[in-house]
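**Student:** Residue numbers (the working numbering), protein chains in the order written: chain A, 1 to 239; chain B, 240 to 478.
The hints are simulated quantities; they were obtained by calculation from the structure and are not laboratory data.
Among the clues, some could well be false.
No more than 30 Å apart at the CA atoms, straight line, and that leaves these computed lysine-lysine pairs for DSS-like [stated by the list, open to error]:
hint, chain 1, residue 1, chain 2, residue 2
1, B, K369, A, K127
2, A, K127, A, K95
3, A, K95, B, K369
4, A, K130, B, K366
5, B, K334, B, K369
6, B, K366, B, K334
7, A, K127, A, K92
8, B, K369, B, K331
9, B, K366, B, K331
10, A, K95, A, K130
11, A, K92, B, K331
12, B, K334, A, K92
13, B, K334, A, K95
14, A, K92, A, K130
Since this is a predicted model, take the numbers as computed values, not measurements.
The primary structure of each chain is shown beneath.
2 protein chains.
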Amino acid sequence: MTLAIGHPADHPGPMAFVDDLHRPALSDEDLHHLQRVLRQRAGDPLTVADGGGQWRTARLDPAAAGALTEFGPMCELPPATPALAVGFALVKGDKPELIVQKLTELGIDRIVPFRAERSVVRWDGAKAAKAVARLRLVARAAARQCHRPRLPEISEVVEVAELVAAGATMAERGGAPMSLQVPFVLVGPEGGWSPSESALAGDRVGLGAHVLRAETAAWTAAVLLASLRDGSIAQVHGL
Amino acid sequence: MTLAIGHPADHPGPMAFVDDLHRPALSDEDLHHLQRVLRQRAGDPLTVADGGGQWRTARLDPAAAGALTEFGPMCELPPATPALAVGFALVKGDKPELIVQKLTELGIDRIVPFRAERSVVRWDGAKAAKAVARLRLVARAAARQCHRPRLPEISEVVEVAELVAAGATMAERGGAPMSLQVPFVLVGPEGGWSPSESALAGDRVGLGAHVLRAETAAWTAAVLLASLRDGSIAQVHGL
Numbered sequence: 001m002t003l004a005i006g007h008p009a010d011h012p013g014p015m016a017f018v019d020d021l022h023r024p025a026l027s028d029e030d031l032h033h034l035q036r037v038l039r040q041r042a043g044d045p046l047t048v049a050d051g052g053g054q055w056r057t058a059r060l061d062p063a064a065a066g067a068l069t070e071f072g073p074m075c076e077l078p079p080a081t082p083a084l085a086v087g088f089a090l091v092k093g094d095k096p097e098l099i100v101q102k103l104t105e106l107g108i109d110r111i112v113p114f115r116a117e118r119s120v121v122r123w124d125g126a127k128a129a130k131a132v133a134r135l136r137l138v139a140r141a142a143a144r145q146c147h148r149p150r151l152p153e154i155s156e157v158v159e160v161a162e163l164v165a166a167g168a169t170m171a172e173r174g175g176a177p178m179s180l181q182v183p184f185v186l187v188g189p190e191g192g193w194s195p196s197e198s199a200l201a202g203d204r205v206g207l208g209a210h211v212l213r214a215e216t217a218a219w220t221a222a223v224l225l226a227s228l229r230d231g232s233i234a235q236v237h238g239l
Numbered sequence: 240m241t242l243a244i245g246h247p248a249d250h251p252g253p254m255a256f257v258d259d260l261h262r263p264a265l266s267d268e269d270l271h272h273l274q275r276v277l278r279q280r281a282g283d284p285l286t287v288a289d290g291g292g293q294w295r296t297a298r299l300d301p302a303a304a305g306a307l308t309e310f311g312p313m314c315e316l317p318p319a320t321p322a323l324a325v326g327f328a329l330v331k332g333d334k335p336e337l338i339v340q341k342l343t344e345l346g347i348d349r350i351v352p353f354r355a356e357r358s359v360v361r362w363d364g365a366k367a368a369k370a371v372a373r374l375r376l377v378a379r380a381a382a383r384q385c386h387r388p389r390l391p392e393i394s395e396v397v398e399v400a401e402l403v404a405a406g407a408t409m410a411e412r413g414g415a416p417m418s419l420q421v422p423f424v425l426v427g428p429e430g431g432w433s434p435s436e437s438a439l440a441g442d443r444v445g446l447g448a449h450v451l452r453a454e455t456a457a458w459t460a461a462v463l464l465a466s467l468r469d470g471s472i473a474q475v476h477g478l
């Protein structure tokens, strides 16, 4: 089937995620959000998306509370290339949620929480699973808010050495300028990389001249990668 | 007097602001922060800065609680050029504080809260003065944390039209790529610019393809301006 190409943000109304775009049905939570928070009424336009990049227009059905009607053709927002990934060291408080929220807004495709030696928090086993599930809900809410029809992948918590071995690049003060040749950047904890982490092989990218908090560093990496990919800035020289 | 050039972040220990670099004395609050939060002890190294870009190394005096000793030569972090400014529409909750915190970390020189027609919050008279005073404390705390010896200027709350008339550039989806020819960017409220604001004269800059929350837009503008200035990215074409 040929899909029309387009972006839900170019259509009126909010966006909601549904399980099946062919038979779209709103979750109770999304219906509540649309009606109570966004003040949508019967007949108002919206878009529905499947989280995988496909979406279509619809309206709240005046005839049946919570149902949808007047579906537009199936559309797709094609994946942007290269896929962008940002890993962040586990940090305390609500910072992981803020990181995931902003990275989702900025269009990062894969977000990877990892353990670093100087991570203040430890997520293991059940705690890690629960935290990752929570981060996936945060990504979904952020994607809905910014009309992003393709959800980012939120990976399970891994060890930093695994990511470096798989080709990810560590961010470090004084590293090379960011480039799309290294579209997977790892941002360390507030205390910096440990000596054994600093000894890991591979190139390093820098995030500018400033001393940044962990969450600011993750957002900075995301802004630079996304802006390089959409062509609004140019790289100085690649790694 | 000739000043040595350098950055406090390249010296060990935390940074604190003092009123007089020639006779540096810690405020009670800074002393508390150094001892209780950062666990600094007598003899530990730190740097002290005047908020105007000048700073020197010192140590906590083992002989007198809260006093400083062993002062290094007077140094300066010269101002970076061009000076960068970001204006943001008044937003609700703790977002103004988060915006000021991050823009300070990222090295923005002037931060300007402004009124827009679709600003949800209204700061007038005494409320505005109190809020701006609070934002200046936030900037000071953020600058201390990231070892930035030159405090950003936090302006009084103004009208957006005044800023545009003075040469600031409004950010809008679809605007031109960011460049250092427009080092003063205005980020609108969540609801976007009103028709009369959109009708204001002048060029527009874009912040990428994404739909961004107000605070994410302000941070994105700051990351791009700061990265262009420090040469870690290049502009595509200027306005």
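**Student:** All the hints need checking, so say for each whether the structure fits it.
**Tutor:** Now for the hints, and whether the structure bears them out:
Restraint check for K369(B) and K127(A): not satisfied, since their Cα atoms lie roughly 41 Å apart, outside the 30 Å limit. Between the alpha carbons of K127(A) and K95(A) the distance comes to roughly 16 Å, so the proposed pair stays at or under 30 Å and holds. Between K95(A) and K369(B), the direct Cα distance comes to roughly 27 Å. Compliance with the 30 Å bound is thereby established for this hinted pair. A hinted pair counts as satisfied when its Cα atoms are at most 30 Å apart, and K130(A) with K366(B) does not qualify at roughly 42 Å.
Distance check on the hinted pair: K334(B) and K369(B) sit about 16 Å apart at the alpha-carbon level, within 30 Å; holds. At most 30 Å may separate the alpha-carbon atoms for a hinted pair to count; K366(B) and K334(B) meet this at roughly 16 Å. For the given pair, K127(A) sits about 13 Å from K92(A) by alpha-carbon distance, which is consistent with the 30 Å threshold. Restraint check: the Cα-Cα separation between K369(B) and K331(B) comes to about 15 Å, which is no more than 30 Å; the hinted pair holds.
Only pairs whose Cα atoms come within 30 Å are accepted, and K366(B) paired with K331(B) is accepted, the gap being roughly 13 Å. Taking the CA atoms of K95(A) and K130(A), the gap is near 16 Å; set against the 30 Å cutoff, the hint holds. A threshold of 30 Å between alpha carbons decides the hint, and for K92(A) with K331(B) the separation of about 24 Å falls inside it, so the pair holds. Between K334(B) and K92(A) the CA atoms are separated by roughly 20 Å; this keeps the pair inside 30 Å, and the hint holds.
Distance restraint check for K334(B) and K95(A): the Cα-Cα separation of roughly 15 Å lies within the 30 Å cut-off, and the hinted pair is therefore satisfied. For the given pair, K92(A) sits about 15 Å from K130(A) by alpha-carbon distance, which is consistent with the 30 Å threshold.
When the structure is compared with the earlier hints, violations turn up for hints 1 and 4 and for no others.
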